[in-house]
Amino acid sequence: MDPALNPFDYFTVPFGQWSEASLNWVVGHSRSTLISAKAPVQTFLEIVQGGLESIPPTIGILGAALFGWLLSGWRLAATGFVCLTLIGLMGAWEAAMTTLSIVFAAVTLCVIIGLPIGVLAARSDAFFRILRPILDLMQTIPSFVYLVPVVMLFGIGDTPGVIVTVFFAIIPLIRLTNLGIREVREDLVEAARAFGAGPTRVLFSVQIPLARPTILAGLNQTVLLSLSMAVVASMISVAGLGRIVLEGIGRLDFGSATVGGIGIVLTAITVDRYVQALGAARRRDKVGG
Amino acid sequence: MQGLYKYGADPNQMTPEADGQSAIECRNLWKIFGDRAQEALIAAKAGEVDKDAALEQFGCVIGVADASFTVAQGEIFCIMGLSGSGKSTIIRHVNRLIEPTDGQVHVEGRDVMGLNPKELRELRARTIGMVFQHMALWPHKTISENVAFGLEVQKVAKAARQTAADDALQRVGLGGWGDRYPDQLSGGMQQRVGLARALAADPDILLMDEPFSALDPLIRNDLQDEFLTLSRDLKKTTLFITHDLDEAMKMGNRIAIMKDGKIDQTGTPEAIVLRPETDYVARFVSSISTLKYISASEIATSGDVATDAPVAGPDTPLPALIEMLNGDVAHIAIRDGDTLIGRVGAAEVLGTVSRDLGRR
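These protein sequences, in sequence, are chains A and B.
Straight run, no breaks: the first sequence in numbering that gives the first Met the number 0 ends on number 288.
Straight run, no breaks: the second sequence in numbering that gives the first Met the number 0 ends on number 359.
Hints are computed from structural coordinates only; laboratory data are not their basis.
Even for Gly, the Cβ is constructed at its ideal location relative to N, Cα and C.
Some hints could be false.
Claimed, not checked - A partial selection of chain B residues facing chain A, derived with a Cβ cut-off under 7 Å: (1) N94; (2) R123; (3) M129; (4) F131; (5) H133; (6) A135; (7) W137; (8) H139; (9) F148; (10) G149; (11) V152.
Said to hold, decoys possible - Using C-beta positions, here's what the derived DEER-type ranges look like: (12) A:I133 / B:D182: 35 to 41 Å; (13) A:L65 / B:G83: 56 to 62 Å; (14) B:L81 / A:Q138: 44 to 50 Å; (15) B:T228 / A:D135: 54 to 60 Å; (16) B:L81 / A:E182: 26 to 32 Å; (17) A:P198 / B:D232: 35 to 41 Å; (18) B:Q183 / A:Q138: 37 to 43 Å; (19) B:L81 / A:A125: 34 to 40 Å; (20) A:T139 / B:R282: 56 to 62 Å; (21) B:D201 / A:L61: 54 to 60 Å; (22) B:I218 / A:D271: 44 to 50 Å; (23) B:D182 / A:D271: 24 to 30 Å; (24) B:E98 / A:D135: 33 to 39 Å.
One chain only, chain A, in its complex shape (with noise of 0.2 Å):
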């Protein structure tokens, strides 16, 4: 075809190989930087791993059971139950485990970094003016493209797999904390200033206050795309509920992939259910009184 039409076929730039090039350097150059960064992560993911593993099934079960009770009432108690048990007779148990330990770790870290920028961002108009692309790119991004950075950068395994689940999973945190502070009426946050209320009062005492449902909501998205991810993350070798599909469809074992996925749907309704009537709940201690 004539090169005015098309091109590409005669000149194309190497993106591909100067991304390789940056991504390289950036590894050869800050090694010590990235395993020091990974290492927290690291022990952290190995604290709650031991502490949900080291759990009997039994104890597991009825403590969810009971916890669920409580929370919000029978209904949620007997989901959790149905739930975990389906899993435990699917010998799903342990995956499941090391799945949660993984989503939680996420969760925990998405609530540490995102909350202050989410917060930041609603503050400053300047700073979520950057941050808007920012998040909109790493929104449109689909989530396996991420895996490839994290692994040049951190290797692989379940601590990897972590900080590939926060990357994707902190943005809904972000969006909701900042859309959240910035939808608090006006005249309730001047009536805090009018009566000397500094900005870091007026933040823990009206914004984030009113802001809650909808940084709740949040988090309950961040806690399903960490559940998501946590399972595509299987590719870079994290194990747990995502690896036993992954291996069931390398296999072509059908049951395998099956027990698997059914297990991931099961995790995914019980930490839903919960995670929401964790939010129902603290709304209705505070309309109480």
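Once you have looked at the hints, place chain B on chain A.
Quick look at chain B alone, frame taken from chain A:
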């Protein structure tokens, strides 16, 4: 009736010149919103641009233009204007919720612009209480917590602020409602809570930003009366914003009328109604009957006075004169001490009524 004698008694006693002490003083206050506020300020001060031109040339909105006023200790000072006239912007300068573009604000002799953040927070929490148009109660806090917030911010011990909150709620007639949440209360009750919140720290100054305008007319009337009673008991200096002239006339010892960010006229309700200084003010007050504000000295005519005629002072308001004219009395002698000023009879009263009707 209480509205009538409030200022009827001694209207000039409340002016700052007579009192000597001012609680709030704003001098040459300017607030211009927009990125090029400083340029617009210079042009506006030089008289080169008005409100519309400032918007066109600099993209700036002139909120307050060269406003000066003084509120005396214990006075209720109303700022009246239509929406967009800058009245809500002015009131927010007193506790510096808004930074002025130019000009000075003094509260109890202290330069508000010179306070550091901590001093400013203290001023807001202790010296000034504010009531908002839409109540602005925090829905996630109980009524008590709402009322005690200013004290909580100032780290007052829990027991002490509970007592203060209970007292304040008692005062506005909501004793025992402290454990409820705002959404469990009606609009009128919510604004009582707003008032209690402003009173809880026992501040010297109240800023009231259209506090009753979101309420039903009957409840508004009740709250106005209650506030006047409360205000007489507590003697708090009050800066009261309203877009309702009747409310301004009822509440204010003095009234400032604002238009396009400027104060058109400041004066007692009588002065505003009887002697409007600009066309705008005249148009505004034309809907108000002057009859309540006219006093004996203004309508008395010279003439013979019967020896048995009842006597009234020169400041006696017209309604009181009409009451005295009931029955067999032909006219009233108006005397200032021993000096005879004139007489008021049916003819004078009817002439006044006819002139008042003719205004509209």
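Structure-based check of each hint:
Evaluation of the N94 of chain B hint against chain A yields a held restraint, the C-beta minimum of about 6 Å falling below 7 Å. Nearest Cβ of chain A to the Cβ of R123 of chain B: about 4 Å, under the 7 Å cut. The hint holds. Annotation: M129 of chain B was flagged as interfacial toward chain A, and the flag holds, the nearest CB pair being 4 Å apart, inside 7 Å. For F131 of chain B, the shortest C-beta to C-beta distance to chain A is roughly 6 Å, which falls under 7 Å, so the interface hint holds.
At a threshold of 7 Å, the smallest CB-CB gap from H133 of chain B to chain A is about 6 Å, leaving the interface hint in force. Because the closest C-beta pair between A135 of chain B and chain A is about 4 Å apart, less than 7 Å, the hint holds. A least Cβ separation of about 6 Å between W137 of chain B and chain A falls short of the 7 Å threshold, and the interface hint therefore holds. Nearest Cβ of chain A to the Cβ of H139 of chain B: about 5 Å, under the 7 Å cut. The hint holds.
Checking F148 of chain B against chain A: minimum C-beta separation of about 5 Å stays under 7 Å; hint holds. Evaluation of the G149 of chain B hint against chain A yields a held restraint, the C-beta minimum of about 4 Å falling below 7 Å. Given hint, V152 of chain B at the interface with chain A, holds; its Cβ is 5 Å from that chain's nearest Cβ, closer than 7 Å. Separation of I133 of chain A from D182 of chain B is about 38 Å and conforms to the stated range, judged on CB atoms against 35 to 41 Å.
In this structure the hint that L65 of chain A and G83 of chain B lie 56 to 62 Å apart at CB holds, the actual value being about 60 Å. Taking 44 to 50 Å as the suggested C-beta distance range, the pair L81 of chain B and Q138 of chain A conforms, at roughly 46 Å. Between T228 of chain B and D135 of chain A, the C-beta spacing of about 58 Å keeps the proposed range 54 to 60 Å intact. Hint check: L81 of chain B to E182 of chain A, Cβ distance near 29 Å, so the stated range 26 to 32 Å holds.
Taking the beta carbon of each, P198 of chain A and D232 of chain B are about 36 Å apart, inside 35 to 41 Å as hinted. Between Q183 of chain B and Q138 of chain A the C-beta distance comes to about 40 Å, which sits within the given range of 37 to 43 Å. Our hint of 34 to 40 Å for L81 of chain B and A125 of chain A holds, since their Cβ atoms are close to 35 Å apart. Checked against the hint of 56 to 62 Å, the pair T139 of chain A and R282 of chain B passes, with Cβ atoms roughly 59 Å apart.
A hinted range of 54 to 60 Å holds for the C-beta pair D201 of chain B and L61 of chain A, which are about 56 Å apart. The beta-carbon spacing between I218 of chain B and D271 of chain A, approximately 46 Å, falls within the hinted interval of 44 to 50 Å. Taken as a hint, the range 24 to 30 Å holds for the pair D182 of chain B and D271 of chain A, whose Cβ atoms sit roughly 29 Å apart. Distance hint for E98 of chain B and D135 of chain A: a CB-CB separation of about 34 Å, consistent with the stated range 33 to 39 Å.
The structure shown violates none of the earlier numbered hints.
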